[in-house]
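Top line first, the protein sequences correspond to chains A and B. Each residue of the first sequence is one higher than the last, beginning at 1 in the UniProt record's numbering. Each residue of the second sequence is one higher than the last, beginning at 1 in the UniProt record's numbering.
No lab work stands behind these hints: they were computed from the structure. Heads up, the beta-carbon is just placed ideally off N, CA and C, and yes, glycines get one too. Certain hints may be false.
Quick list of simulated restraints, FRET-style, between CB atoms [stated by the list, open to error]:
1. A/Asp137 / B/Asp269: 25 to 33 angstroms
2. A/Pro108 / B/Glu301: 51 to 59 angstroms
3. A/Gly163 / B/Ala162: 34 to 42 angstroms
4. A/Lys273 / B/Pro251: 49 to 57 angstroms
5. A/Glu403 / B/Gly163: 32 to 40 angstroms
6. A/Arg278 / B/Pro326: 32 to 40 angstroms
7. A/Arg197 / B/Arg278: 39 to 47 angstroms
8. A/Pro275 / B/Ala401: 31 to 39 angstroms
9. A/Gly296 / B/Pro108: 20 to 28 angstroms
Below are the chains, spelled out letter by letter.
There are 2 protein chains.
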Amino acid sequence: MSTENLDISRRKLLGTVGAAGATGLALGAAGGAAAYAAGSQPAGTALASVGSTAVPFRGTHQAGILQPLQARGHLVAFDLAPGAGRKEAVALMRRWSAVAERLMAGEPAGPGDTGVALDAGPSSLTVTFGFGASFFDRTGLVARRPAELDPLPAFSSDRLDAGRSNGDLWVQIGADDALVAFHALRAVQKEAGAAARVRWQMNGFNRSPGATARPMTARNLMGQVDGSRNPKPSEPDFQKRIFVAAGGDQPWMTGGSYAVVRRIRMLLDDWEKLPPERQERVIGRRKSDGAPLTGGGETSELDLDRTGPDGKPVVPADAHARISAPEQNGGAAMLRRPFSFHDGIGADGTPDAGLLFIAWQADPRRGFVPVQRKLDRGDALSPFIRHEASGLFAVPGGPGAGEYVGQRLLEA
Amino acid sequence: MSTENLDISRRKLLGTVGAAGATGLALGAAGGAAAYAAGSQPAGTALASVGSTAVPFRGTHQAGILQPLQARGHLVAFDLAPGAGRKEAVALMRRWSAVAERLMAGEPAGPGDTGVALDAGPSSLTVTFGFGASFFDRTGLVARRPAELDPLPAFSSDRLDAGRSNGDLWVQIGADDALVAFHALRAVQKEAGAAARVRWQMNGFNRSPGATARPMTARNLMGQVDGSRNPKPSEPDFQKRIFVAAGGDQPWMTGGSYAVVRRIRMLLDDWEKLPPERQERVIGRRKSDGAPLTGGGETSELDLDRTGPDGKPVVPADAHARISAPEQNGGAAMLRRPFSFHDGIGADGTPDAGLLFIAWQADPRRGFVPVQRKLDRGDALSPFIRHEASGLFAVPGGPGAGEYVGQRLLEA
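Please model the entire structure based on the sequences and the hints provided.
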């Protein structure tokens, strides 16, 4: 693909977004409906390929929250280096923002680019930046630390590895091509320079574009459709539940969101021993299509009051879908946008696989925390999963023209 | 996608193969030229999607050798369980063949299928089986062990981990969808039952279909085009170099091939410090398009005699492409069909990433071994790579109607 074609594609895409008066979401939808033809391809169809879909770096929200699930993802947390403070953080966020913008446009990272993404377009690449609670201590910005970043409570099912949890800075990278994602990861690591060092790093994946004709609700490694009750942008209170509204205590977070990140190991050897009917009762949904056990399709509401011939509820009292249902949690809502992970065989001989759970919300105290508290008490799924790592990050709004990510925090 | 559509697709595909009088290769080509449209899709285009491309299980050669690179791969080696011998191996190969055939057709693995591949088609899934040298001891078949399976010589740059090397049995799984590949891996593990246990397991990836409009010569994580000199099926001696001809010492290997598997760690922190011009001189090819430094395009021959204004060879004496060139190795040829790997950050803080090198040949003593011996002595690339694991497996020909893989070995 020539740079010129790419530039044209980007302008078209940006035009689409502008016309929709929207954020990256409209773009993502355009990308999702794209057609792809391998091999030689008339130049005019370049826009439509998996590779040439570009997501804009600038906007009300950062990219990587509202876009469709991507085939490949990397999560990486950094700690500021000893001695580094606010000044180094400013320079780092400037460098990271500049490289993210170039990469998301399908351009090289800079001189000496590794070349790993050559041949491919941006492939829906997104690079998303967040700040952990410790970042505010390190940079002398404690007064600007949002109460939403207070540590998550401990849950009885937590088996957290501190070395793979939290961190001063968090970067989420997603793309529909694994080499494009890896290229971005290396570029982000390189730009960290002496200012920050990697604390932990995780890899994940989702279905490839085109592997299914179904709309892409994720299926997880337990074989369950996962995300059916995700709030939808068309719902009237979507914005205020997922993104921080203007006029709050921390103006720099306007348009931002809080990401709860959990490495949830699935105990697949145990899970797969359950017959599918038992699995469906654990979840409360059909395995085939994600429909509630009370019938309908994937998007039908669960009929939580319905009882079967035996007088018991059709959706069992401890079913995961019942306990986590928004109706059962005062409307608590979070936008889950996960990656599956599979890191081979664990030290105990079982698959080191599961879900890199990433949930977005305007306030984790009214999103992840109440739902997880409830799941922690009585979820039938608990014996089959283990939370192994945890992070909570403040992800500021998207950068405006000429801004870098986090500028409103660091330079206010 | 309905099962019916899939069946029709398969028949069409099988028809294509029959017409070409060929093996999976024709199929792969058909798949590669397919067009993909996400979202709602007229039934007639199902054949053309990334998901619905099926590779036949039966044929002259096993699948997974001649097919185009797949976006996701798993390599897994098993050792027969203590006490298991030929009888258990026969039953295992029957079970594995049956499940591989079902999965490659996009069908469930069997009752109690995990459901992880639901919604997706077969997505070019291939499952390939091989036997390590130790398999013949375990099954009392030493007389049928090919001389080609003699242990590979030690190389000075080897840093091999025995626990991640060799094994009685080897399975290569590839697919264009990560969940389809994972689903197959779990099914293969489950069918191993009490007969065999996992010795090692590795995950890899290649570019996603549609991420590039270029023909899919792989680009590796060093950013180099990798595989330009791969022998092509159109070359007159391709078959005899890659596949075992009829009439050899071990008739059960007719149509088979030997796989050399090396986990090659790339020392990316060191490599990426080299300026791109230096990298190009290490390789002997341009980074942008893989063309030789003596000019032309990716498929042009290297002009090994050409000297520059300084009187030195344009392709340096120790350049990787010179040392590994078939002309420099008595025509030694192997078909390299790798996956990249990235397992996060290694214990030493550097990226645990590189190449799952998989090379196919009729005889490793006239393929991998002489080339690697030569590279071992003077390859400019050596300081930047480390061979961390090694395997050599006899991969029998594809199963005929009613046969299981390896039947001609186990029941002759």
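Each hint tested on the structure:
no. : hint                                    : verdict
1   : A/Asp137 / B/Asp269: 25 to 33 angstroms : holds, 30 angstroms
2   : A/Pro108 / B/Glu301: 51 to 59 angstroms : violated, 29 angstroms
3   : A/Gly163 / B/Ala162: 34 to 42 angstroms : violated, 28 angstroms
4   : A/Lys273 / B/Pro251: 49 to 57 angstroms : violated, 42 angstroms
5   : A/Glu403 / B/Gly163: 32 to 40 angstroms : violated, 50 angstroms
6   : A/Arg278 / B/Pro326: 32 to 40 angstroms : violated, 57 angstroms
7   : A/Arg197 / B/Arg278: 39 to 47 angstroms : violated, 26 angstroms
8   : A/Pro275 / B/Ala401: 31 to 39 angstroms : holds, 34 angstroms
9   : A/Gly296 / B/Pro108: 20 to 28 angstroms : holds, 24 angstroms
When held up to the earlier numbered hints, the structure conflicts with 2, 3, 4, 5, 6, 7 and fits the remainder.
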